[in-house]
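Q: Chain by chain, the residues:
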Amino acid sequence: MSDDSHELMNLPDEGVTDDLYANPGLPEHAWRPTDVDPKLEKRAERQVATLMTLSAICTILLLVSYFTVDKDATFAGLGAQNLALGLSLAGALLFIGVGVIQWARKLMADHEIVEMRHPAASSQEDREATIAALNAGLEESGIGRRPLVRNSLLGAVGLLGLPAIVMLRDLGPTPNQVADAQDYPGAGLENTVWEEGTRVVRDVVGTPIRPGDLQIGDLVNAEPETLYNGGPDGEPLEGVVLQIAKSKAAVVVVRMEPEEITPAPGRENWNVDGITSYSKICTHVGCPISLYERTTHHLLCPCHQSTFDLADAGRVVFGPAARPLPQLPLAVDSEGYLVAQGDFNEPVGPSFWERG
Amino acid sequence: MDTTKVADTNGTQPAAASKPGRVGTLATWADERLGLATAMKKNLRKVFPDHWSFMLGEIALWSFVVLLLTGVFLTLWFTPSMGETTYDGTYEQLRGIQMSEAFASTLRISFDVRGGLLMRQMHHWAAMLFVASMMVHLLRVWFTGAFRKPRELNWVIGCLLLLLGTLEGFTGYSLPDDLLSGTGIRAADGFIKATPVVGTYMSFFLFGGEFPGESIIPRLYTVHVLLIPGLLLALIGAHMLLLVYHKHTQWPGPGRTEKNVVGFPMLPVYAAKAGGFFFIVFGVTALMGALLSINPVWKYGPYDPSKVTAGSQPDWYMGWPDGALRIMPGIETHIWGVTISWNVMLPILVLPMLAFTVLLLLPFIDAWVTGDKRDHHLLYRPRNAPTRTALMVALMTMYGLFWAAGGNDIIAIKLHASINQITYFMRAAVLVGPILAFVITRRWCISLQRKDNETLLHGYETGIIMRSAEGGYSERHLPLPESRAYVLTARDRDPVANGEVTPEVDANGVAAPRKGRLAGLRDRMRTVMWADNVQKPTLEELEAGHHHADHEHELQASLDGHAADGHQFDGHHLVSEEHLRDPHH
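Chains as they are written, first to last, in the numbering used here: chain A, 777 to 1132; chain B, 1494 to 2078.
Please note: incorrect hints may appear among the correct ones.
To be verified - Derived SDA-like pairs (lysine to any residue); straight-line CA-CA distance at most 20 Å:
no.	chain 1	residue 1	chain 2	residue 2
1	A	K847	B	K1740
2	B	K1866	A	A896
3	B	K1792	A	L854
4	A	K847	B	V1606
5	B	K1907	B	Q1806
6	B	K1539	A	L995
7	A	K847	B	K1866
8	B	K1534	A	E888
9	B	K1740	A	D979
10	B	K1800	A	D979
11	B	K1800	B	R1588
12	B	K1535	A	H887
13	B	K1752	A	A798
14	B	K1752	A	I889
15	B	K1800	A	V981
16	B	K1539	A	V981
17	B	K1534	B	L1735
18	A	K882	B	L1760
19	B	K1642	A	A897
20	B	K1539	A	L854
21	B	K1752	A	A896
22	B	K1535	A	I889
23	A	K847	B	D1581
24	B	K1800	A	R978
25	A	K882	B	H1544
26	B	K1539	A	K847
27	B	K1534	A	K882
28	B	K1800	A	K847
29	B	K1539	A	R978
30	B	K1800	A	A897
Derived from the structure by calculation, the hints contain no laboratory data. The model shown is predicted, which means the values in this text are computed figures rather than measured ones.
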């Protein structure tokens, strides 16, 4: 087994720097029962063959259940098809695995073999030859003597890195391009579809809300009516435009006792009879916030537990968020429905560099 | 033992190459075109040492193969598109609902493609096994010293595999475009936007405009099925090639040295064991796919940016940076018209990158501190490198605490505790915990070293209590078998014992080479690394110990057959006439 022609460089003499005990050497090989007893050997052979047969049976079961088990059938609360296919596949695979390992353990030779190691490094001779070859090659190329060729090559290849980056430019528009183009309602990080007079409607159903509909302590997930009539011809928004609008414009509307509200300076008239509205998008990393505790007016984000006080200008009372929730100024229109006085007081969602 | 009747497969002589059989003909055909014989000559019978812990990396390898197989199956039906469609498939609860093609095709795979759900669940479980086994494998490599020269580069490759595997997992579970994964992508958008200067640009380029856009799923799909798997495959190939080139490390033992490797040959034993193990990993994954529901996206519903589920959590391997994100205080700087979100940037961008860099550099930092330039092929037990072991346990503790913090809401619900208090506790714990873990582990290892020495010098405890004529009790110790004593002492002495640092001038009066500006730091780190360690006994100590043991043995010899009260009731002879005490007293 050993091929010890290389010089063993670098390797310490033994595993230890000072042997307290002489290395006893490999223990004597012990014969297994299957090595010396033909009966046991035959039995092991039969065991392996049985395992292979079991695997084959499982494979056939798999094929049968593929064609026979109905996809709606259930078994013990589990989907019967998934269970049948999964268990038979598992059996088919596991029996082969166990069988092959049994074969290796009981029947294949179990003599331990010794192989000598060699240092990872090449021999000194090889190393010198390689360096000589490298130097010869470099010398013949003249890369050292012709700096003009070398440097212009390096410059040209280096410059090729630029297209690799620049050609990714059309992955998307810049934030400013989106905001300036206004290709869809509320485009840009600093805008949403909320405008002066946009009705506040219930999430999912899209019905407008009268202040009288809300009891003290109620929370309603709401959206701008624009989602339902914001298209060029008054049709609902759809597709990516709808998703973008939703991702920024979702709000919660809550009603509390008017005297409980501590409005931020300049926002004294943003509430209607104790009804107040805040962005639903967390100022931390942008999860929609959903968990409201009516007694404390706290709104908790389920992603990272930032907690905001809706009675106190959306102030952060706990958690990793750093900024209060943006507030939507509310009013009531001529028909008595809740509307926005305008867009939020600041960009919604997570912080970004340019927002100041 | 009569070994003439051995099984015929156990022959130790190679078969004579008289007449080439069918295999020989095929091999000749191949060799004349590929010249394989030279390469295969050694490698077919390449030796692999046996130990259960060497199997951990194999789990990772095989689960990657399972991922490739099940993944290809899934691509046949999955539609990586965010185009909107109205669901009209089998799952009644979602019929008529607007959703992306990606989500609709995931439902189709789950409900209408026979075996589709099984493959989806197997794919997800295999991904978890893949990442988990890579982590445990990494710990094994660190704790046993297999990262040392010449294997540092394989450590680096392994770390890259772990990083890529994690990213692959994230891109993978984002693809179904369900409510949970969409929330994850949205949080990722928040992370990207928190990047200073270029954050919003990166976000707009990645999403093809404003979040969520309609590009992210197809783009993640390309990354998930082409880019990262390609890199993983290449790196796994390199990892295996280096493993073969370096030959596997082994535990010290009789006949096992730094110069050799002892074990079973690749063909047939390891081919069978490893091949069989592939089927076992595959089979266990199938069992999990059959019995354990995972990521039931139909319960979450399609992604809607205005909705979220309570208890939103990423897959477990993304949990630790999420925990850091949760316990980070909300600090933000507004200065010169820009916003710096420390609360997002530090835990999710800086911390993981820092942690990964530290992990990547560990072998190199270690080599710099120890100054060890030798090759190492023999492993050590974790106790014999107390500082290294303690360092990794400290890192594990930090990881575990961050990870637990990632479930602070779940902990609060299960323990009926205040989430605020848990968060405050975690803030302190991630700083204090690792230090405590370091100190405890280090002392624990040193105690275990001391115990090993005790056993070497005084023998092992037999459990037999002897009573002397004077009434004193002692436990009988017997010397260790030589092979066991050899294994216990088969380790290096640490270069810096008892806090002595490298002397300026060595014993022969030769000045030590210039050590650079950081030499002082290095000496201090060496002291921390080794000073308290217990070295194996010297030859004198060993002889003295054995002498002492012989003496003890002599003293106890007269007591043979006179074990203390009660030992006669050992079930080996009749006790009807026996008394615990002399009945006449």
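Q: It remains to establish, for every hint, whether it holds in the given structure.
A: Evaluated hints:
1. A/K847 <-> B/K1740: Measuring from Cα to Cα gives roughly 50 Å; hence the hint is violated.
2. B/K1866 <-> A/A896: This hinted pair holds, its Cα atoms lying about 13 Å apart.
3. B/K1792 <-> A/L854: holds, 15 Å
4. A/K847 <-> B/V1606: At roughly 9 Å apart (the allowed maximum being 20 Å), B/V1606 and A/K847 satisfy the hint.
5. B/K1907 <-> B/Q1806: Measuring from Cα to Cα gives roughly 16 Å; hence the hint holds.
6. B/K1539 <-> A/L995: Roughly 70 Å between the alpha carbons, so the hint for B/K1539 and A/L995 is violated.
7. A/K847 <-> B/K1866: With a Cα-Cα distance of about 63 Å, the restraint between A/K847 and B/K1866 is violated, given a limit of 20 Å.
8. B/K1534 <-> A/E888: holds, 18 Å
9. B/K1740 <-> A/D979: Violated, at roughly 63 Å.
10. B/K1800 <-> A/D979: Judged against 20 Å, a Cα distance of about 10 Å means the pair holds.
11. B/K1800 <-> B/R1588: The given pair, whose Cα atoms are some 19 Å apart, holds under the 20 Å limit.
12. B/K1535 <-> A/H887: holds, 17 Å
13. B/K1752 <-> A/A798: At roughly 16 Å apart (the allowed maximum being 20 Å), A/A798 and B/K1752 satisfy the hint.
14. B/K1752 <-> A/I889: Within the cut-off at roughly 14 Å; holds.
15. B/K1800 <-> A/V981: holds, 14 Å
16. B/K1539 <-> A/V981: It is violated: about 69 Å lies between the C-alpha atoms, which goes past 20 Å.
17. B/K1534 <-> B/L1735: Distance ~18 Å between B/K1534 and B/L1735 Cα, so the pair holds.
18. A/K882 <-> B/L1760: Roughly 15 Å between the alpha carbons, so the hint for A/K882 and B/L1760 holds.
19. B/K1642 <-> A/A897: holds, 11 Å
20. B/K1539 <-> A/L854: violated, 46 Å
21. B/K1752 <-> A/A896: holds, 12 Å
22. B/K1535 <-> A/I889: holds, 13 Å
23. A/K847 <-> B/D1581: holds, 17 Å
24. B/K1800 <-> A/R978: holds, 13 Å
25. A/K882 <-> B/H1544: holds, 18 Å
26. B/K1539 <-> A/K847: Roughly 48 Å between the alpha carbons, so the hint for B/K1539 and A/K847 is violated.
27. B/K1534 <-> A/K882: violated, 26 Å
28. B/K1800 <-> A/K847: violated, 31 Å
29. B/K1539 <-> A/R978: violated, 70 Å
30. B/K1800 <-> A/A897: Status violated; Cα separation ~59 Å.
In this structure, the earlier hints numbered 1, 6, 7, 9, 16, 20, 26, 27, 28, 29 and 30 are contradicted, and the remaining ones agree with it.
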